[in-house]
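Protein sequence lines correspond, in order, to chains A and B.
When you number the first sequence by this note's numbering, it's gap-free, plus one each residue, and the end is 116.
When you number the second sequence by this note's numbering, it's gap-free, plus one each residue, and the end is 113.
Treat the hints as calculated values from the structure; they're not laboratory data.
All residues carry an ideal CB built from backbone N, CA and C; glycine is no exception.
Among the hints, a few may not be true.
To be verified - Have a look at the derived ranges for each label pair, beta carbon to beta carbon: (1) 85(A) with 59(B): 49 to 57 angstroms; (2) 82(B) with 5(A): 27 to 35 angstroms; (3) 116(A) with 95(B): 38 to 46 angstroms.
Unchecked claim - SDA-like mimics (lysine to any residue), calculated; alpha carbons at most 20 angstroms apart, straight line: (4) 37(B) with 41(A); (5) 56(B) with 70(B); (6) 68(A) with 26(A); (7) 5(B) with 52(B); (8) 68(A) with 14(A); (9) 54(B) with 72(B); (10) 100(B) with 18(A); (11) 5(B) with 44(A); (12) 37(B) with 68(A); (13) 37(B) with 5(A); (14) 54(B) with 103(A); (15) 37(B) with 108(B); (16) 112(B) with 85(B); (17) 24(A) with 53(B); (18) 100(B) with 19(A).
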Amino acid sequence: DAGVIQSPRHEVTEMGQEVTLRCKPISGHDYLFWYRQTMMRGLELLIYFNNNVPIDDSGMPEDRFSAKMPNASFSTLKIQPSEPRDSAVYFCASSLEGANGNQPQHFGDGTRLSIL
Amino acid sequence: DQQVKQNSPSLSVQEGRISILNCDYTNSMFDYFLWYKKYPAEGPTFLISISSIKDKNEDGRFTVFLNKSAKHLSLHIVPSQPGDSAVYFCAASTRSNTGKLIFGQGTTLQVKP
Numbered sequence: 001d002a003g004v005i006q007s008p009r010h011e012v013t014e015m016g017q018e019v020t021l022r023c024k025p026i027s028g029h030d031y032l033f034w035y036r037q038t039m040m041r042g043l044e045l046l047i048y049f050n051n052n053v054p055i056d057d058s059g060m061p062e063d064r065f066s067a068k069m070p071n072a073s074f075s076t077l078k079i080q081p082s083e084p085r086d087s088a089v090y091f092c093a094s095s096l097e098g099a100n101g102n103q104p105q106h107f108g109d110g111t112r113l114s115i116l
Numbered sequence: 001d002q003q004v005k006q007n008s009p010s011l012s013v014q015e016g017r018i019s020i021l022n023c024d025y026t027n028s029m030f031d032y033f034l035w036y037k038k039y040p041a042e043g044p045t046f047l048i049s050i051s052s053i054k055d056k057n058e059d060g061r062f063t064v065f066l067n068k069s070a071k072h073l074s075l076h077i078v079p080s081q082p083g084d085s086a087v088y089f090c091a092a093s094t095r096s097n098t099g100k101l102i103f104g105q106g107t108t109l110q111v112k113p
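Only chain A is shown next, with the shape it has when bound in the complex (with noise of 0.2 angstroms):
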């Protein structure tokens, strides 16, 4: 079985770019979730989509994030202007249910996100 599947993997760009993040959920799951994990604030949740419409966007850090889910099978989280702060690596994760025990959230590998 696929799982969720993130592009790139690697993103390295200077500040002021615009960075675009990918997500593929897994087939089927219903919820979709970005989130940011870095060394001060750990893993935090950005925002979270619910048969494609945002739920929670309290995440977000500030308009320079936006994130959209065109369809059921796709995602992205994009970043304009990028600064040097949103250096981080960003994880996509899909779920049939929310977030409790029964239906847990499977996560992609990430992607390495590098503003210079």
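Since the structure of chain A is provided, determine the placement of chain B on it from the hints.
Then chain B, alone, in the frame of chain A:
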């Protein structure tokens, strides 16, 4: 304001012994608690979970204990194996917002052969 805390950044145990990883939380509204394991350059993988209506859940070598009065949960690994060496995250969610997992900072477990 960290609602889920893992106060031990690292833990080292001998192969075959018990590993105990601890997690404290502040929000009494949490309904579910989960443990994830993470290897370098990979995403976290689900390990075991427990509902707030239980105080123990066991799955093979892994057992999670929940003490609601103390707002504390722990993960026991018995016996520990070198392949268990990883970062362990505890996480929690509420029924009212089941999509939102709050993660602790993680504990790095090293199991020595």
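Structure-based check of all given hints:
1. Between residue 85(A) and residue 59(B), the C-beta spacing of about 39 angstroms breaks the proposed range 49 to 57 angstroms.
2. With their beta carbons about 29 angstroms apart, residue 82(B) and residue 5(A) fall inside the hinted range of 27 to 35 angstroms.
3. A hinted range of 38 to 46 angstroms holds for the C-beta pair residue 116(A) and residue 95(B), which are about 43 angstroms apart.
4. Among the hinted pairs, residue 37(B) with residue 41(A) is consistent with the structure: their alpha-carbon atoms are about 18 angstroms apart, no more than 20 angstroms.
5. Note on residue 56(B) and residue 70(B): the hinted pairing holds, with a Cα-Cα distance of about 14 angstroms set against a maximum of 20 angstroms.
6. For the proposed pair residue 68(A) and residue 26(A), the alpha carbon gap of about 17 angstroms is at most 20 angstroms, so the pair holds.
7. Distance check on the hinted pair: residue 5(B) and residue 52(B) sit about 17 angstroms apart at the alpha-carbon level, within 20 angstroms; holds.
8. Distance restraint check for residue 68(A) and residue 14(A): the Cα-Cα separation of roughly 23 angstroms exceeds the 20 angstroms cut-off, and the hinted pair is therefore not satisfied.
9. This hinted pair checks out: residue 54(B) and residue 72(B) have alpha carbons roughly 13 angstroms apart, not beyond 20 angstroms.
10. Proposed proximity of residue 100(B) and residue 18(A) is contradicted: the alpha carbons are some 27 angstroms apart, above 20 angstroms.
11. The straight-line distance between the Cα atoms of residue 5(B) and residue 44(A) is roughly 13 angstroms, inside the 20 angstroms bound, and the hint therefore holds.
12. This hinted pair does not check out: residue 37(B) and residue 68(A) have alpha carbons roughly 28 angstroms apart, beyond 20 angstroms.
13. For the proposed pair residue 37(B) and residue 5(A), the alpha carbon gap of about 18 angstroms is at most 20 angstroms, so the pair holds.
14. Proximity of residue 54(B) to residue 103(A) is assessed by CA-CA distance (about 17 angstroms); at most 20 angstroms being required, the pair is judged to hold.
15. At roughly 10 angstroms between alpha-carbon atoms, residue 37(B) and residue 108(B) fall within 20 angstroms of each other, so this suggested pair holds.
16. Our distance criterion of 20 angstroms between C-alpha atoms is met by residue 112(B) and residue 85(B), whose separation comes to about 9 angstroms.
17. About 34 angstroms separates the Cα atoms of residue 24(A) and residue 53(B), which puts this hinted pair outside 20 angstroms; it is violated.
18. For the proposed pair residue 100(B) and residue 19(A), the alpha carbon gap of about 25 angstroms is over 20 angstroms, so the pair is violated.
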